[in-house]
Amino acid sequence: MAGSPVIRVRGLVTRFGPQTVHDGLDLDVERGEVLGVVGGSGTGKSVLLKEILGLIDPAAGRIELLGHDTADLDRAERTALQARTGVLFQNGALFSSMTVAENVMLPLKEHTGLAPGLIAEVARVKIAMAGLPPDAGTKHPAQLSGGMIKRAGLARALALDPDILFLDEPTAGLDPIGAAAFDTLIQGLQRSLGLTVFMVTHDLDSLTSICDRIAVLVDKKIRVGTLAQHLADPHPWIHDYFHGPRGRAALDAKERNQARRHEEEDARRLAKG
Amino acid sequence: MGLTIRRCSATFQACRPNVPVDVRMRAAEPVAATLAKDGTAKDGARIETGPVDGGWRIAAAGRWTLDAAGNASDALDRAPRPPGGAAVRLDLARVEALDTVGAYLLNRLAERLGADGHAVSVIGLRPEHAALFEAVRDAGKAPPHPIEREHHPILDMVVRTGQTTVNAAKEILDLVGFLGLVTVTFARLILRPSRLRLTSVLFHIEQTGLNALPILGLLSFLIGVVLAFQGADQLKRFGAELYVVNLLGISVLREIGILMTAIIVAGRSGSAFTAQIGTMKVNQEVDAIGTMGLDPVELLVVPRALALMITLPLLAFYADVMGLFGGAVMAYATLDITFGQFIRQLHSAVGINTVIAGLIKAPVFALVIAMVGCYEGLKVSGSAESVGIMTTKAVVEGIFLVIVIDAVFSVLFSMLGV
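Heads up: the protein sequence lines correspond to chains A and B, in order.
Counting in my numbering, the first sequence runs from 509 upward without gaps.
Counting in my numbering, the second sequence runs from 16 upward without gaps.
Among the hints, erroneous ones may be present.
Pairs of lysine-lysine, PhoX-like flavour, derived with a Cα cap of 25 Å [to be verified]:
1) B:K408 <-> B:K185
2) A:K647 <-> B:K251
3) A:K762 <-> A:K558
4) B:K251 <-> B:K394
5) B:K394 <-> A:K647
6) B:K408 <-> B:K394
The calculated label-pair distances, taken between Cβ atoms and stated as ranges, are [unchecked claim]:
7) A:G621 <-> B:A422: 53 to 59 Å
8) A:D577 <-> B:G308: 29 to 35 Å
9) B:V173 <-> A:T587: 22 to 28 Å
10) A:S549 <-> B:L309: 50 to 56 Å
11) A:D577 <-> B:T407: 56 to 62 Å
12) A:A757 <-> B:T407: 20 to 26 Å
13) B:G308 <-> A:G752: 48 to 54 Å
14) A:V521 <-> B:P208: 36 to 42 Å
15) B:A422 <-> A:T587: 53 to 59 Å
16) B:G403 <-> A:H751: 55 to 61 Å
17) A:G621 <-> B:T176: 51 to 57 Å
Derived from the structure by calculation, the hints contain no laboratory data.
Note that this is a predicted model, so its numbers are computed, not measured.
Glycine included, C-beta positions come from ideal geometry on N, C-alpha and C.
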């Protein structure tokens, strides 16, 4: 889609003591795309996410979110901007003293002036859209399984209909069926809500199935490209990542899926014709 | 979000004369209700209703988003109802922006009209809104939360009282059961002393004993000072200043020294036990211990209980000494009783029995504090929140039991004539 990028990072430098994590990192995320962020352990994927969200201050560089430089925002502008982003943390980060419904209602109560009845109804719809059964709303996070916690976290992240959705390893810890269902859910919501998704993940199946572009953190910088571009990249880490046994398996699965979809389409066309 | 309602019906004008009237007469729509945000028709969510040939038309327009949702919801409620049985066409062609809340409101409208017996058809849905509209419609189909049953305040209170009583009884039973478990484990360890974790015991002796010395010493000293001062004030009236030593000796050695120690240790170490074991429980470390063929009670509870039973009598004796020292300092400062006089008087006032009557309670208190602390720690379930709840509970229960048992000891001693 045309227009200015929703996330623009320029010359980002991150240091923890003597250790430099990012050194002059540039990144553009376009409106409406699903960007997968990968990298080895300790390359600063989650740190990058936290810097974009303003939870950690970078040592140098500029971060623009929806056209605003995050460094020079006053309190009210920052709050307004935060209402336009939704975050699903790695372990859900649901408030354990509240029920799932109360968790989802909290941002609605804080940021909108809707009537309590309408807030409860909207929360119910969000919970259902996240694929949770209706009785999940009255449960506390401790009563939920890992997959349900992720779904509840997603419902809360989507509470305010954000423009950008940040996901930190959304499918980590889920079984393959649950992970695939979660991918489908994110893709469905992304399409129907027109979200921009920034997804930190290690799940090769998610990368190949729902990401439009993939950003790889290597050598303290980031390389963004489509799957095909990364497959042709001679960089040793990127090559090992996408051509390793797991990478191959995920790509094969994608090809099989595509082949099956084509066959189904052909069959449908034949049946029609 | 200043949405105003503009209607052109005469009846509405009559009851709301200050509302500006926006006449939108069309052949097919004699009644039109328009919502506008801040008076500009472009920004807000608008709705127009009216009869069309053989039916009723509801047209939504503008931005149906979270910002306008509150007023849009009110306006939908106030919009004129279609006549009974009329087929309704919900026209969404002029909806400029739609988010989940807007889609939900429109879906709810369609659903309510459907429930009232109208045949509802949605027309003109823009392709970019279709996916969201359908996703929300599917999500909205899920049945609502089960309605919670009606509450009766008095009945609820009775139920709660009963539940609390039963829970308290269960708790006591469990605690006694836990004490039995720990005793059996203790006995096994006496038979096979090589299995005792000596390093762990020493670590907890340092944590609960050595590290408690500064705070316990200071507090006992201050209590001694206060007791001596208050006692001296009263005894001076009778010219019996010297007896302040008797007062201090009996009260500090028999009760205050050990009680202060037990309460401070319950707050300091009992809570620490719960938090330590509880955090291990949350991290599934306790489960891991079990799967490795190790016994959590042997590994976690016995060293702590043993350490506390060794340190608490020592701490209590230290508190006794510090309390008497505080009293002696105060007696010297206000009553001119020298340290020599103080010690001579103390010798005549208290015997070794008094000291033993105080210190004999220490191992019992230690066991109770350690039991409660470890028991509540092992009862932590899943969440980090429950670590906090259980830690608070351990401190409250620990101090409560210490004071109850102290009272039992008092009764016992008076019956035995000690």
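Evaluation of the provided hints:
1. B:K408 <-> B:K185: holds, 15 Å
2. A:K647 <-> B:K251: violated, 66 Å
3. A:K762 <-> A:K558: With a Cα-Cα distance of about 31 Å, the restraint between K762 of chain A and K558 of chain A is violated, given a limit of 25 Å.
4. B:K251 <-> B:K394: violated, 54 Å
5. B:K394 <-> A:K647: holds, 21 Å
6. B:K408 <-> B:K394: Cα-Cα ~11 Å, so holds.
7. A:G621 <-> B:A422: 53 to 59 Å: holds, 57 Å
8. A:D577 <-> B:G308: 29 to 35 Å: About 58 Å separates the Cβ atoms of D577 of chain A and G308 of chain B, which means 29 to 35 Å is violated.
9. B:V173 <-> A:T587: 22 to 28 Å: violated, 46 Å
10. A:S549 <-> B:L309: 50 to 56 Å: violated, 31 Å
11. A:D577 <-> B:T407: 56 to 62 Å: violated, 45 Å
12. A:A757 <-> B:T407: 20 to 26 Å: violated, 50 Å
13. B:G308 <-> A:G752: 48 to 54 Å: violated, 37 Å
14. A:V521 <-> B:P208: 36 to 42 Å: violated, 59 Å
15. B:A422 <-> A:T587: 53 to 59 Å: Because 56 Å falls inside the window, the suggested range holds.
16. B:G403 <-> A:H751: 55 to 61 Å: At 49 Å between Cβs, range violated.
17. A:G621 <-> B:T176: 51 to 57 Å: violated, 41 Å
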